Every structure is written in C-alpha cells, then in structure tokens.
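Dock chain C against the given chain X, drawing on the hints supplied.
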Amino acid sequence: MNEWIDPQLSVALDAWRLSSRRAPRRHARERAHDAMLDALIVAARRPVARGFLSFRRRFSHAGLIASAATVMAAAGVAAAGWNAPPGSALFVVRAARQGVMLKLPGADDIALHLEFAEQSLAEARDRINPAQSIADAANELGIAFTELSANPSSPLWPRYRIDDATLLSEETGLQQASQPSPPVATSPPPVGDRTPEPSEPVERTPRPRSSTNSSDPSPSDSGGSGDDGGGGGGDDGGGSSPSSSPGPSPTPDE
Amino acid sequence: MIFDESDRGGANLADTNRLAQAVAAAQRGEAFGWSALFERFYPDVHAYALARLGDLTAAEDVTQEVFVAAVTSIKTLRDAREPAVQGWFLHICRNKAVDHIRKGIRQRGVAFEPRPLDLDPGAIAEMNIEAGRVRQAMVHLTEDQRDVLIRRFVLDQSLEEVAATTTRTVGAVKSLQHRALDAVRRALTPKRAA
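Going down the list, the protein sequences come from chains X and C. Take the first sequence: its letter number 144 is residue 144 in my numbering, and every next letter is one higher. Take the second sequence: its letter number 52 is residue 52 in my numbering, and every next letter is one higher.
Same shape as in the complex, but just chain X (with noise of 0.2 Å):
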C-alpha cells in the first residue's frame, strides 16, 4: 500500500481483513458446489429450448424481411403494372386491377367499361399495340353497350358513340395501315377500277357484340319514331358490322 495509513486506521482496517479472510464452513462450501453442479446440469438442459427460441427468434426476423420484401415486391409490380399496355409481362396486373375496380361495391360497370376502352382506344391511337389495343377496346364497348340496353335512358350512350366512332377509325386506320401499299402504276388505271377512298366504310372485324346490333335500345331508337323497326343496323351498309349498329340509329329529325 502506497498510501500512509494512521496506525489506529490500519488496526481496525488489519481486524476487518482477518475477520473477513476465515476460512469458509466446510458444509457451506459443499453446499455450494452442490448448488453449482445442479445449475450446470440445469443450463445443460436449456441449449436445446434456447436453441430453439433462437432459431424461432432468427425465423421471426426472416419472416419480417421476407414479409416486408414481399410487399414491397408486390407494391413495385402492381404500380408498373398499373396502367401496362396490352402484349407487356405485366398486363395480368392492370387486367387484375380492372377486374377488381368492377367487382367493387358500387361500381359503375358501364363507365368503367367505357373508360378501359376509352384507355385502349388512346393507347391504340399511340400505336401502342394496336391491334390488340382495338381488340380490347371492342370488347369493353361490346360489354358496355349490352348493358346499356337494360338502360335506354342511360346517360352514358353519347359517350358510348362517341367511343363507338373513335374504335371505327381507329379499325380502319389499322386495316389501311396493314393493307400492302399499292405497287407504283406505269399506266393509269383503267377507268372505274379505283381504290377505295378512306372515308369510305370498311369491313371491320366482328366485335363481340354483334348479337346485340338489332336490338338497340338508344333513346334516339326508342324515341317514337319507331320507323325503323329495330332494323337500323342494316341501313348503314355495313350491317354485318354490329359495331356501327348504335351509331346510325334513326334520330328523331328523321
């Protein structure tokens, strides 16, 4: 000890330590050890539990990634699949979503369907595939317009034409794009053989709809004039066409 002690301190601190430094009860000390071992033998046991709680307490962590990985993933797919376009991996997932938003309580089926063809139609109009896109856009109109006919008083049928009409052109503007450009004449045509002008009607492809083409239901149809009997559809030229069906229906000025 480097520190000088007062002798009276130092008695009393040398009486402390003797008092203290007695050798230990020889029961007291088997009890002990004793005690030590049954605790050895008790920590043994525990491995096998704690191991298991580890590996439960290392699963639980993998879980919460795993988890908060796969909703992430999700999250990231379902918003680049939101709005993909038709022919892409991800177009399952705005078909999904479109299918959802239909399903909902208190969905507006017919607008929906408008605004998914509206959708195709645009994209479509981008060249986005447009063969399919018009596909698409056909079958939401077709759907669209048999249930309009539950609804004669419907709203939604001005916007129905008009998506009708958009869909029309955009068929011919792709049958024209898909036709072979004509070869380069060296002499001209023989008189009255001409190609047809674009204004004038082509066939289109049949939508699904077209059982629907004599029974429409539009209120320019249903108006009183009852003129044309139903059997609009087949005064446009194009009676084989359904999807025109809407379009031409007698207005009441007629």
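Derived from the structure by calculation, the hints contain no laboratory data. Keep in mind that a hint or two might mislead.
Facing chain X, according to a computed beta carbon distance under 10 Å, are these residues of chain C, among others [said to hold, decoys possible]: (1) P43; (2) A59; (3) F67; (4) I124; (5) E126; (6) E130; (7) M138.
Computed from a predicted structure; not experimentally measured. We put the beta carbon where it would ideally sit given N, CA and C, even for glycine.
Then chain C, alone, in the frame of chain X:
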C-alpha cells in the same frame, strides 16, 4: 483458522494455461472445469462477501449465489487470465452482495463459528469489535469505494490489479482509496474519542 495464501484450493490452477483450460471447460459446461474454478476462487469470493456483509451465513449464501449465477453467464467471460477471471467473480459477488443488502435479508447472526487456533479468545473478540466498527464506518462510503477497500485490504490486490479488474486507471483507484480511507477515519474517530 485464518485463510492462508498457500492454502488456495485451486493452487493447481496457478499456471495460466491450466486456468485457461478450466475456463474453456467451464464454458463447454464440463463439471471438472467448474470444480477447478470453484476450488480456486471460492475463498476470494467468500472473503469479499464476508468483508462486505460482515455475517458468515449471509456471506456463504451470497457466495453460493455467485457460483450459481456464474454458471449461466460464463459465456460472457472473454479473458481467461487470472485477474480477469477473479475480477469477473468478484464483480458478480459485489452485485449479489448489494442485492442481498437491498432485499433486507436479516442477518442470521453467526458472527464467527470455528475459532482460529492461533489466536486467543481475547484477541478474537477485540478483532471482531474493530472489524465491526470498520463495517459500520463503510456505510458512509459509495459502493465503488467499498469495492476498492475490500480488494485492497481484504484481498490484498495491488493498485494495478484493482485498476485492471475494475477498468479504472491506477490514479482513479488511488483517489477512490484515499477518499474511502478518509471517510472511514472520520467515521471511526468520534467513536474512539467517545
């Protein structure tokens, strides 16, 4: 029978390698490793507890608790050198002694049981009185100051050993010891004067 330095039960662990082997065996849960550690450190832990508590039975209980607790926490022991292992046991003992005091366990009174053969009864009585006064005076100390005094004056550790096992500098240990002795001296003086 006063504890003799040469009587340390774990004298066979004096070799550093043997102590390291005992620690490694204890960490693997092997009984012989624990027995070796018990033989080596039981006297020190017992002395620490007795110096702190002043009651033989309580010291024995606390010493037993220390070794039971050590079984479950031996994995945390990284350094197998003797000062570190001893410091680890004493650290557990310190905490157990504090717990014991806090729990308010009644001291069950066996002050001294077997009388040392080399001291006469009068000397023993006088020693007990003096030791009791020191323990009373230590009430005024902080736990760190008590810890340093026990290590220095009961376990005969050097300043460097205390510093190493308590993760303090030698200067800090000196300072703690100085303040502790000063407080004990002040506490003892009026009693002597009276």
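So, going through the hints one by one against the coordinates:
1. P43: holds, 7 Å
2. A59: For A59 of chain C, the interface hint holds, since the closest Cβ of chain X sits about 8 Å away, which is under 10 Å.
3. F67: With a closest approach of 4 Å, the F67 of chain C hint holds.
4. I124: holds, 9 Å
5. E126: holds, 7 Å
6. E130: At 3 Å from the nearest chain X Cβ, E130 of chain C passes the 10 Å test, so the hint holds.
7. M138: With a minimum Cβ separation of about 9 Å from chain X (threshold 10 Å), the hint on M138 of chain C holds.
When held up to the earlier numbered hints, the structure conflicts with none and fits them all.
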